[in-house]
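Protein chains in written order, with the working numbering: chain V, 8 to 349; chain X, 526 to 764; chain S, 6 to 293.
Honestly, I wouldn't trust all of these hints.
Stated by the list, open to error - Only pairs whose alpha carbons sit at most 20 Å apart, straight line, appear in this in silico SDA-like list of lysine to any residue:
1) S:270 x V:119
2) V:119 x S:284
3) S:96 x S:181
Because the hints were derived from the structure by calculation, they are not lab data.
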Amino acid sequence: MTTGTNSSRKMAGTAALLALAAVLPLAITEPSQQNFLILILMGAQMGVAWNIVGGYAGQVSLGHAVFYGIGAYSSTMLLTTLGLTPWIGALAGGLLAAVFALAMGWPCFRLKGHYFAMATIAVAEIMQILVTNSDALEGAVGLYLPMDRSGWGSLIFLSKLPYYYVILGLLVLTVLVSWAIERSHIGYYFRAIKDEPEAARALGVSLTRYKLIALSVSAFLTAMGGSFYAQKEMFIDPGSVFATTISIKIALIAILGGVGRLMGPVLGAVILITIEEYSRTLFGSTGSGTDMIIYAAMIILVAVFSPSGVLGLLGDLHRHWGRHLPGAKPDEVKTSTKEARP
Amino acid sequence: MNTAPLLAVDGLGKAFDGLIANRDISFVVHHGEIIGLIGPNGAGKTTLFNCLAGFHTPTTGRIAFEGHDITGSTPEAAAALGIARTFQIVRVFQSMTARENVMVGAMLRNKRVAEARDRAEEELAFVGLSHRADTPASDLTVSEQKRLEVARALATEPKLILLDEVMAGLNPTEVREASALVHRIHQRGIASIIVEHVMEGIMPIAHRMLVLDYGAKIADGTPAEIAGNPAVIAAYLGE
Amino acid sequence: MTADILIQVLVSGLLIGLIYALVAVGLTLIFGVMDIVNFAHGEFLMLGMYASFWAFALFAIDPIVALPLTALLLFAVGVIVYQTVIRRILKAPMLSQIFATFGLMILLRGLAQFFWKPDHRLIPHSLVSGNIALGPVQFGLPQFVAALGAVGVTGALWMFLHRTRLGTALEATAIDREAATLMGIDGQKMFALAWGIGAACAGLAGGLIATFFPIFPEVGSNFILIAFVVVVLGGFGSVTGAFLAGIIVGLIEVLGGFLIGPEYKTAIVLSLLLVVLLVRPRGLLGKA
Numbered sequence: 008m009t010t011g012t013n014s015s016r017k018m019a020g021t022a023a024l025l026a027l028a029a030v031l032p033l034a035i036t037e038p039s040q041q042n043f044l045i046l047i048l049m050g051a052q053m054g055v056a057w058n059i060v061g062g063y064a065g066q067v068s069l070g071h072a073v074f075y076g077i078g079a080y081s082s083t084m085l086l087t088t089l090g091l092t093p094w095i096g097a098l099a100g101g102l103l104a105a106v107f108a109l110a111m112g113w114p115c116f117r118l119k120g121h122y123f124a125m126a127t128i129a130v131a132e133i134m135q136i137l138v139t140n141s142d143a144l145e146g147a148v149g150l151y152l153p154m155d156r157s158g159w160g161s162l163i164f165l166s167k168l169p170y171y172y173v174i175l176g177l178l179v180l181t182v183l184v185s186w187a188i189e190r191s192h193i194g195y196y197f198r199a200i201k202d203e204p205e206a207a208r209a210l211g212v213s214l215t216r217y218k219l220i221a222l223s224v225s226a227f228l229t230a231m232g233g234s235f236y237a238q239k240e241m242f243i244d245p246g247s248v249f250a251t252t253i254s255i256k257i258a259l260i261a262i263l264g265g266v267g268r269l270m271g272p273v274l275g276a277v278i279l280i281t282i283e284e285y286s287r288t289l290f291g292s293t294g295s296g297t298d299m300i301i302y303a304a305m306i307i308l309v310a311v312f313s314p315s316g317v318l319g320l321l322g323d324l325h326r327h328w329g330r331h332l333p334g335a336k337p338d339e340v341k342t343s344t345k346e347a348r349p
Numbered sequence: 526m527n528t529a530p531l532l533a534v535d536g537l538g539k540a541f542d543g544l545i546a547n548r549d550i551s552f553v554v555h556h557g558e559i560i561g562l563i564g565p566n567g568a569g570k571t572t573l574f575n576c577l578a579g580f581h582t583p584t585t586g587r588i589a590f591e592g593h594d595i596t597g598s599t600p601e602a603a604a605a606l607g608i609a610r611t612f613q614i615v616r617v618f619q620s621m622t623a624r625e626n627v628m629v630g631a632m633l634r635n636k637r638v639a640e641a642r643d644r645a646e647e648e649l650a651f652v653g654l655s656h657r658a659d660t661p662a663s664d665l666t667v668s669e670q671k672r673l674e675v676a677r678a679l680a681t682e683p684k685l686i687l688l689d690e691v692m693a694g695l696n697p698t699e700v701r702e703a704s705a706l707v708h709r710i711h712q713r714g715i716a717s718i719i720v721e722h723v724m725e726g727i728m729p730i731a732h733r734m735l736v737l738d739y740g741a742k743i744a745d746g747t748p749a750e751i752a753g754n755p756a757v758i759a760a761y762l763g764e
Numbered sequence: 006m007t008a009d010i011l012i013q014v015l016v017s018g019l020l021i022g023l024i025y026a027l028v029a030v031g032l033t034l035i036f037g038v039m040d041i042v043n044f045a046h047g048e049f050l051m052l053g054m055y056a057s058f059w060a061f062a063l064f065a066i067d068p069i070v071a072l073p074l075t076a077l078l079l080f081a082v083g084v085i086v087y088q089t090v091i092r093r094i095l096k097a098p099m100l101s102q103i104f105a106t107f108g109l110m111i112l113l114r115g116l117a118q119f120f121w122k123p124d125h126r127l128i129p130h131s132l133v134s135g136n137i138a139l140g141p142v143q144f145g146l147p148q149f150v151a152a153l154g155a156v157g158v159t160g161a162l163w164m165f166l167h168r169t170r171l172g173t174a175l176e177a178t179a180i181d182r183e184a185a186t187l188m189g190i191d192g193q194k195m196f197a198l199a200w201g202i203g204a205a206c207a208g209l210a211g212g213l214i215a216t217f218f219p220i221f222p223e224v225g226s227n228f229i230l231i232a233f234v235v236v237v238l239g240g241f242g243s244v245t246g247a248f249l250a251g252i253i254v255g256l257i258e259v260l261g262g263f264l265i266g267p268e269y270k271t272a273i274v275l276s277l278l279l280v281v282l283l284v285r286p287r288g289l290l291g292k293a
């Protein structure tokens, strides 16, 4: 429902943000700070990918790490066993994750809400256990990426800067996919499925087909993020890519920032990663407890007061203040008929 | 003028774990007809609707639409074939505007967003909601939401529309407007089956009335015929 | 596999299964009464364990003796959680409800980690230490007592729900909230009661296993998934179902671990969850 000026303002804002992101690492050159920015971009990318199925289509997955891990392990295994460049390896990992998503979604999408969320947790945990006990994948010991090559072909760099631009590119790609979906009929169908699935069916929408589209696209993009993680860290093990804590983090980023809004997860990543990294340095050994407390409190507040996340809160505040500026139009008489569903 | 029936229901029955909601119901609907479906509470009207719209699979009997057997089809398939419906408790898409709601309906026939938008504008105008096109659906009045559901259903280009108590809770002026809307739908050549309790809304415009009681059809005729039908009167008085 | 080993495996499964039943009983009660899945349920267990630990460490009170205190404490926690958070999301979209209890889970873990550090703690000697040997079967006394306690508490809960006025009111609210309200039952009080009892059950389970299980902030995660499986298998809302399902899950976990490999225990139980969800989502005794 954006008017002409609204959407062109949004586009200008996003373009400015992109320009800023592009030049930021040239100004901030300290490696650990650049790493911090990379972590934010990684978090944002995971969150935007999750948002496609969790935010837009309303299918809450609390097991998205399974796709992240499939991506990380696929590209790494292809690299170590076949010497395949991670650029292709990441695509392969994405495809594998998408196929996995179709296989798991097909039976699981019959489940409603809570049940579906539980099923996703179970799938991710089972996968982690299987990989941990798999000799072929080096089990709990993990996989090291070969350090003998560097450069754009093998996606291994000595400085942080190229990594920054690769993840920025992946984030932009993820946002573009999300944006394209949002404004296509698929995006409308997603929102319809989220709001009133039965009514959507009565309008000819196949719930299963569109949920599968949402999950497989989300899985593909999440897996690409996993491949990037592997390339950046040069080491992966089940605990670092398949763990439930990763799934929680991915969902959190989107929830905090704003579920169902395009740039919500970007904001969520900025907030979450900042809290995570700085509480670690500020609070020392008890740091991990403190950051949990802070962002847990945030999720609860968001869940209770503003289900559309911080972005939604900001939007509400913006509208609220906008009314008190001179020249603002008075409110229309609201005849709201919101009823609690029995 | 097509004389073969649009919809032919033959011996339809629906039971839920032993509770018989519909038993041996048979009737036909012709193109463009307005059929009123009435009966006391619990008579099985909504169950019948759900069977026609694909939300329930009948336990017995057959449903034929345009000559094809559609018994037990899914709601999505029914919509694609040309059967649209509204819901007794409105189910508009709360996170969307009125226009966007109708666009979802239009997208059944045309996935292009711009063209769906144009179709949506047409149907919004048809039900008289153009001025509310940009309003979030959650901010509309109940009467507006009901009209929105109708517009949304019409956007799927149905041949038959099932209206579930569109007139409930409306004041007399709104009831008249709703009747007029149903008549306009008929003028487009779309048949409608309307579940209603508001007799003054449905009697003046229906071509035929079906009366259900305890899951069975007890009368099938013009409004004048069923008004004087003793079985019908008994069903309502005995309630 | 000899008969002796089989019996040993089955007994172990039964004992742990009864604990699972106790944890799940509280979870299913909450869902039965108000359709909310409490992702933070494992944390109530964790708090029960810590309550036992601190009673022991600070006041030398044996965990078994501390059980009534633990129950009361966790009952209060459950009611407080309901009043502060849950009450506000009763009518919220399901997404918000999931996020709220989810956030609660992380909050409680974070608080535990902040106050008590991530170290694993143990209660070295309690009243119930040592092993019992019954013929070919050996099991720990703490495990046995914990299982007995689980049976006792579940039985007491069942009696409460079906033989007392207050309990029947709670069941009535679970079956049909509107009808219960029409009959004068205060829905809000019932919800708070459900949360209190649910938390107390989990806390009691924690207190019972504190005699032999390590205590640490994340311990809830070991049990929450299993509790979900039990609740789904037993049927959301059914205390009897949770009891039976707990035993079944315990048996399957130990048996599966024995036959396929202990590292796959959890995977086997989770696969059971998926199977139940896909084949018969309402479980053994759940409402449809």
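Consistency of the hints with the structure:
| no. | hint | result |
| --- | --- | --- |
| 1 | S:270 x V:119 | violated, 27 Å |
| 2 | V:119 x S:284 | holds, 14 Å |
| 3 | S:96 x S:181 | holds, 16 Å |
The structure shown violates just one earlier hint, number 1.
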